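One letter stands for each residue in the lines below.
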Amino acid sequence: MSTIKQNYTRPLDFKHGRVDMTHGSGGRAMAQLIDELFVVAFDNEFLRQMNDQARFPVVSGRMVMSTDSHVVSPLFFPGGDIGCLSVHGTINDVAMSGARPLYLSAGFILEEGFPLADLKRIVESMARAARDAGVPIVTGDTKVVEQGKGDGVFITTTGIGVVPEGVNISGERARPGDKILVSGMLGDHGVAVMSLRENLTFHTSIESDTAALHGLVAAMVAAVPDIHVLRDPTRGGLATTLNEIARQSAVGMMLHEVKLPIREQVKAACEFLGLDPLYVANEGKLAAICAPEDAERLLQAMRAHPLGSDAAIVGEVIEDPHHFVQMETAFGGRRVVDWLTGEQLPRIC
Amino acid sequence: MKYVDEFRDGALAKNIAANIAREVDPHRSYHLMEFCGGHTHAISRYGIADLLPANVRMIHGPGCPVCVLPAGRVENAIQLAQTPGLILCCYGDLLRVPAADGMSLLKAKARGADVRMVYSSADAVKIAQENPERQVVFFAIGFETTTPPTAVAIRQAQALDLKNFSVFCNHVLTPSAISHILQSPEIRQLGVLALDGFIGPAHVSTVIGSRPCEYFAEEFQKPVVIAGFEPLDVMQAILMLVRQLNEGRAEVENEFSRAVTRDGNVKAQMLVAEVFELRRVFEWRGLGPVPYSALRIKLQYASYDAELRFQIPPLSIADNKACECGAILRGVKHPRDCKLFGTVCTPDNPIGSCMVSSEGACAAHYSYGRFREAA
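Line by line, the protein sequences are chains V and W. Taking my numbering, I'd label the letters of the first sequence as residues 234 to 582. Taking my numbering, I'd label the letters of the second sequence as residues 492 to 866.
Think of the hints as simulated: they come from the structure by calculation, not from any bench. There could be a bad hint or two in this list.
Some chain V residues judged to face chain W by a derived CB distance under 8 Å, without partners named [to be verified]:
1) G257
2) G260
3) R261
4) E504
5) H556
6) F557
7) T562
8) A563
9) F564
10) R567
11) V569
12) D571
13) T574
Straight-line distance between alpha carbons at most 25 Å, and here's what the computed BS3-like set of lysine-lysine pairs gives [stated by the list, open to error]:
14) K505(W) - K492(V)
15) K812(W) - K824(W)
16) K382(V) - K600(W)
These numbers were taken from a predicted model, which means no experiment stands behind them. C-beta atoms are modelled at their ideal positions from N, C-alpha and C, and glycine is treated no differently.
The task is simple: from the sequences and hints, build the whole structure.
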């Protein structure tokens, strides 16, 4: 008589298996998915406690918190995937206050039928991104929706960080005379994702710039503690980000087209797709605004960091009761750089 | 970008601007109409107005395909899209054009209609192939540039023997619209609209050639310079028009010789003639009914004509009373003359069609040029 193996569960089939409704039901299948995938990949002392919440000591100072949902399509794109994107996105949102990101949470909405192999690839990419950034994913949640009611996988991440003493970076602090800097080439992420869209496939060497920017931010804050504004120009691109800041600070802005760092391939792709690179998303770039006397020092600090080697001063803050962002065109004229109207690229992050 | 940046060179632009400034007669003004939305867009996007003397005025013409499509045709498409099981394919800009009651294809999509944005007519054919059990309609619009690809799609559907593909044809003709403007009472009798010359169509001319413009130059004594869509093309064309006017000439000149010949693309013309025929009359937004200004699908391709297949009724929908799109499309008014401009009518909430496409006079002015009014 064969002995029954007590407590034996057949391991998840990460080669051919698929997500089914039981993986979100709260039962044994869900526990197994968490144990065999998430805990293994994200492994850290907080997760290992296996509680419904992560417990950690409170740090003194001001804390910041940010959340970001990721619904990108396609899930895998040149230079990244929804996994690392969801880690970088929230780390960057936290870091744009000048904060050091400390912890992340991750919520997954999975669609029934989604291949476990793809899920594993995504989760491992998240784990790698979190490890590289030094920001652990300390708590999470998984839900499964019926087939047709999701699009493979949606990921929401939340991040907590702490702002160093004396740093006050905020969207309403842009002042006339301030300089506007960007940390590198604009539009890479949007073009990389666009190149894979179903009705549009074109070949490009452009890869997404997805990256965690807190290291760059730390270097910048060390060089110039009084940075006025930091923001990462994701959806809507630099144009939308600057319009947000102009409204918040009740100022205008003047950009110089010739100074904008944009790759030739991105310009070319935008040209034939009828897009404006200023509205195309970035996932590893930031815009910074600081006093004119700090600008050169900040620029040098950015250029000294690998994620800021193509940094440039691209314009200045001006007085303008209408809060227009304007641009001196390379051609010699002037124009408004307006808010994005409608959607330029669907589901890019 | 090679082959493109050369046409956006700021130093060359300054040279041409200096020539224009030197050559204009300070005692007269120059009212030049750019017909095409592509030119309107370039003028706004590159800030060309900043480089022109005050007495050279650009008047935006009706050459934005989305703008001139009457609300009734958009309403037809919206109703069609609500047919159960039907897939309606269209170009991106069209999605946001308002029809009756502020409804648009985008809003119809949000209410469950299967409306798909395509980049070319070939994508629509592909969608029809992939969905053999569903009716797929391509909402075809545009001037002579987009007509040949629609003809190709119809021929392709025939070759593939697709039973579920049809085209809702709204293709219109540039020369008829220019004639219509030149014959309008505002120009001919009342003198409401000063119009001294035209920047002739760019991409349209690559298909139809420069020959059709000769009629305007001769019959109406208006100089025409056919120009590309790059900002230097536009600057050079303005200089050429100023020279013609100073010398009392009214000729067709071709600045866009790198792409346009006198006869155009004969192969494309023959393809269009094979599939389409003239409509006796077609309504344009802003211009009203214009005789012989649009195309319909020939009888021998009738099985691909969505108008016949779905018995699409003629619909006429009046524009919002305060909307000045009509006058703006005829060049009689500037966007800033419209009470709705920038208040209730913005690119995010367009009331009139000129506010929809980035080639529309209102959207171009709102998005790129409105700091001029604010100053």
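Unsatisfied constraints (hint numbers, rising): Numbers 1, 2, 3, 5 - these are the hints that the structure violates, sorted from lowest upward.
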